[in-house]
Amino acid sequence: MTSRTPLVLEDHTLVIRDERIADICPSGPGCTPAGARVIDGFGRFLVPALADMHNHFGGFAWDGTDASRIRMRDQNLRQYVMFGVATARDPSGGPLVLEARDAIERGELFGPRIFVSSPLMDGDPPLFPIPRTFTEPEEAAAFIRRSAAEGYDLAKVYTTLSPEVFDAVMATAAEVGLTVAAHVPIQVPLEHALERGLRSIEHLTGYDVACAVPHVKMKPIPQDIYQGWAWCSPEKVAELAALTAKYEVWNVPTLALWDNTVPEFDRPERDAGDVGKYEHPTTPGGIEWLYTLYGPRERAGITGTRSVRLGLVKALHDAGAPLLIGTDVSAAGYTVHREMGLFVEAGLTPYQTLEAATSEAARYMDREGEFGVLAVGARGDVLLLDANPLDDIGNARRIRGLMFRDKWWSKEAIDAELEAIQREYAEDEARLR
Numbered sequence: 004m005t006s007r008t009p010l011v012l013e014d015h016t017l018v019i020r021d022e023r024i025a026d027i028c029p030s031g032p033g034c035t036p037a038g039a040r041v042i043d044g045f046g047r048f049l050v051p052a053l054a055d056m057h058n059h060f061g062g063f064a065w066d067g068t069d070a071s072r073i074r075m076r077d078q079n080l081r082q083y084v085m086f087g088v089a090t091a092r093d094p095s096g097g098p099l100v101l102e103a104r105d106a107i108e109r110g111e112l113f114g115p116r117i118f119v120s121s122p123l124m125d126g127d128p129p130l131f132p133i134p135r136t137f138t139e140p141e142e143a144a145a146f147i148r149r150s151a152a153e154g155y156d157l158a159k160v161y162t163t164l165s166p167e168v169f170d171a172v173m174a175t176a177a178e179v180g181l182t183v184a185a186h187v188p189i190q191v192p193l194e195h196a197l198e199r200g201l202r203s204i205e206h207l208t209g210y211d212v213a214c215a216v217p218h219v220k221m222k223p224i225p226q227d228i229y230q231g232w233a234w235c236s237p238e239k240v241a242e243l244a245a246l247t248a249k250y251e252v253w254n255v256p257t258l259a260l261w262d263n264t265v266p267e268f269d270r271p272e273r274d275a276g277d278v279g280k281y282e283h284p285t286t287p288g289g290i291e292w293l294y295t296l297y298g299p300r301e302r303a304g305i306t307g308t309r310s311v312r313l314g315l316v317k318a319l320h321d322a323g324a325p326l327l328i329g330t331d332v333s334a335a336g337y338t339v340h341r342e343m344g345l346f347v348e349a350g351l352t353p354y355q356t357l358e359a360a361t362s363e364a365a366r367y368m369d370r371e372g373e374f375g376v377l378a379v380g381a382r383g384d385v386l387l388l389d390a391n392p393l394d395d396i397g398n399a400r401r402i403r404g405l406m407f408r409d410k411w412w413s414k415e416a417i418d419a420e421l422e423a424i425q426r427e428y429a430e431d432e433a434r435l436r
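Residues 4 to 436 in my numbering are what the sequence shown lists, from first letter to last.
Careful, some of the hints might be misleading.
Calculated pairs, EDC-like style, for lysine to aspartate or glutamate (alpha carbon to alpha carbon, straight line, at most 20 Å) [unchecked claim]:
(1) LYS280 - GLU420
(2) LYS410 - GLU22
(3) LYS317 - ASP262
(4) LYS414 - ASP43
(5) LYS239 - GLU194
(6) LYS280 - ASP389
(7) LYS410 - GLU420
(8) LYS317 - GLU348
(9) LYS222 - ASP127
(10) LYS239 - ASP321
(11) LYS410 - GLU108
(12) LYS410 - ASP43
(13) LYS222 - GLU301
(14) LYS249 - GLU194
(15) LYS280 - ASP269
(16) LYS220 - GLU301
(17) LYS414 - ASP389
(18) LYS280 - ASP431
(19) LYS410 - GLU111
(20) LYS280 - GLU111
(21) LYS317 - GLU373
(22) LYS220 - GLU194
(23) LYS222 - GLU194
(24) LYS280 - GLU427
(25) LYS280 - ASP262
(26) LYS280 - GLU291
(27) LYS410 - ASP26
(28) LYS410 - GLU373
(29) LYS317 - ASP395
(30) LYS220 - ASP127
(31) LYS280 - ASP331
(32) LYS410 - ASP77
(33) LYS249 - GLU198
(34) LYS280 - GLU422
(35) LYS249 - ASP321
(36) LYS414 - ASP277
(37) LYS249 - ASP262
(38) LYS280 - GLU432
(39) LYS410 - ASP21
Rather than coming from a laboratory, the hints here were simulated on the basis of the structure.
Whole structure, please, built from the sequences with the hints as guidance.
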């Protein structure tokens, strides 16, 4: 990822018309169109709206009905915008997320612009219980063709796919014009996956196996996956980062997810504070289910390799390999700001982190210049901040107001909407009792 030099324009006016940035000009006579509504940003800072490039917001049917799934989905989408997120990617979607994407584009549903993957493709046995697995290359190729015909934006491969099925997916996806995101399958060497044209690697998978291979043979079971980071040395991390940089493959590290995977002693406090406040009340149950798959020893292994993941993020960036902000946890929008803080903790500057949360998302989706930048012609989804995020990335959370699809949301309106979502969460929690 090649960072540009930060450019701060002082005393400028940004003009938004028909959901696009129409002009950026020095403030003064002739800049502001007649009859325009003026938002006073004196002493504040304007940045592009953010992107979460890894989360699952299709909802959970806690009472067995699609109505509850849709209610939760729509709560997630509304909450995203209130935290300044105008673009989101679901790398394991399905019909309800596809339906939401199209409804948002038609203006019939409120939420960020969505990019959505077809349902994930795993081998047999799968890592997690899923309705369908793929063991034959021809079957996988047919699924990819059908996914493209159904209008999905990308495909997603998972942990236990065989190399033969993986290769069939990659070849067919290139043929029909779909990109592929991956949990790099344990049986597929990292360099092979890179060579075959992956668009993104999720959760820093593949690096764990690449570090472990000379020492142990890892198996595609919960007790083994993600433990390979323990074998990563600084030299190996630098070698893998340089290898990745040879290919245009983005990494979505989801550092906040891994910080959420805590050992047994910290388990009671996992959802304390704002994280729990902004999660739907069904989320803790989902986390507890995951904790039955990843036992205390496995979670402790993940916690113990935190420095490796931070080091990988810094090494990838320094080598020129692109990065994206993604969360994979359900405090929609809120966790984007946690993830940005972790990027800075890893050693990126606030500006480099903002790039990963804005313009890099557009470049990843082949929409460079269309969103995630303050430029004439780009989408006019912008955040007005009380303080400079280049001084402290935490200032990106200090949202004074936001422009989203030609509507101005003041801080008071944002707070009111978040409070409304909180009331709905309380209602849902009461139904779950």
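Each hint tested on the structure:
Distance hint between LYS280 and GLU420 is fulfilled; the C-alpha atoms sit about 14 Å from each other, no more than 20 Å. The suggested pairing of LYS410 with GLU22 holds, with an alpha-carbon distance near 9 Å, which does not exceed 20 Å. Distance check on the hinted pair: LYS317 and ASP262 sit about 17 Å apart at the alpha-carbon level, within 20 Å; holds. With a CA separation close to 13 Å, the supplied pair LYS414 and ASP43 stays within the 20 Å bound.
Straight-line distance between C-alpha atoms of LYS239 and GLU194 comes to about 14 Å, which keeps the hinted pair within the 20 Å bound. This hinted pair does not check out: LYS280 and ASP389 have alpha carbons roughly 23 Å apart, beyond 20 Å. At most 20 Å may separate the alpha-carbon atoms for a hinted pair to count; LYS410 and GLU420 meet this at roughly 14 Å. Taken as a hint, the LYS317 and GLU348 pair is honoured in the structure, with Cα atoms around 9 Å apart against an allowance of 20 Å.
Restraint check for LYS222 and ASP127: the C-alpha separation of about 13 Å stays at or below 20 Å, so the hint holds. Taking the CA atoms of LYS239 and ASP321, the gap is near 15 Å; set against the 20 Å cutoff, the hint holds. In summary, the hint linking LYS410 to GLU108 is supported, as the alpha carbons are separated by about 15 Å, within the 20 Å threshold. The suggested pairing of LYS410 with ASP43 holds, with an alpha-carbon distance near 15 Å, which does not exceed 20 Å.
Restraint check for LYS222 and GLU301: satisfied, since their Cα atoms lie roughly 14 Å apart, inside the 20 Å limit. At roughly 10 Å between alpha-carbon atoms, LYS249 and GLU194 fall within 20 Å of each other, so this suggested pair holds. Straight-line distance between C-alpha atoms of LYS280 and ASP269 comes to about 18 Å, which keeps the hinted pair within the 20 Å bound. Restraint check for LYS220 and GLU301: the C-alpha separation of about 16 Å stays at or below 20 Å, so the hint holds.
Our distance criterion of 20 Å between C-alpha atoms is met by LYS414 and ASP389, whose separation comes to about 11 Å. A hinted pair counts as satisfied when its Cα atoms are at most 20 Å apart, and LYS280 with ASP431 qualifies at roughly 13 Å. Distance hint between LYS410 and GLU111 is fulfilled; the C-alpha atoms sit about 15 Å from each other, no more than 20 Å. A threshold of 20 Å between alpha carbons decides the hint, and for LYS280 with GLU111 the separation of about 28 Å lies outside it, so the pair is violated.
At most 20 Å may separate the alpha-carbon atoms for a hinted pair to count; LYS317 and GLU373 exceed this at roughly 27 Å. Proposed proximity of LYS220 and GLU194 is supported: the alpha carbons are some 17 Å apart, at most 20 Å. A distance of roughly 19 Å separates the Cα atoms of LYS222 and GLU194; the hinted pair therefore holds under the 20 Å criterion. For a cut-off of 20 Å, the pair hint linking LYS280 to GLU427 stands: about 12 Å separates their Cα positions.
This hinted pair checks out: LYS280 and ASP262 have alpha carbons roughly 17 Å apart, not beyond 20 Å. At most 20 Å may separate the alpha-carbon atoms for a hinted pair to count; LYS280 and GLU291 meet this at roughly 17 Å. For the proposed pair LYS410 and ASP26, the alpha carbon gap of about 17 Å is at most 20 Å, so the pair holds. For the hint linking LYS410 to GLU373, the alpha-carbon distance of about 19 Å falls within 20 Å, and the restraint holds.
Straight-line distance between C-alpha atoms of LYS317 and ASP395 comes to about 18 Å, which keeps the hinted pair within the 20 Å bound. Between LYS220 and ASP127 the CA atoms are separated by roughly 19 Å; this keeps the pair inside 20 Å, and the hint holds. For a cut-off of 20 Å, the pair hint linking LYS280 to ASP331 stands: about 17 Å separates their Cα positions. For the given pair, LYS410 sits about 19 Å from ASP77 by alpha-carbon distance, which is consistent with the 20 Å threshold.
Among the hinted pairs, LYS249 with GLU198 is consistent with the structure: their alpha-carbon atoms are about 9 Å apart, no more than 20 Å. In summary, the hint linking LYS280 to GLU422 is supported, as the alpha carbons are separated by about 11 Å, within the 20 Å threshold. Between LYS249 and ASP321 the alpha-carbon distance is near 13 Å, which keeps this suggested pair within the 20 Å criterion. At roughly 18 Å between alpha-carbon atoms, LYS414 and ASP277 fall within 20 Å of each other, so this suggested pair holds.
Proximity of LYS249 to ASP262 is assessed by CA-CA distance (about 29 Å); at most 20 Å being required, the pair is judged violated. Taking the CA atoms of LYS280 and GLU432, the gap is near 12 Å; set against the 20 Å cutoff, the hint holds. This hinted pair checks out: LYS410 and ASP21 have alpha carbons roughly 10 Å apart, not beyond 20 Å.
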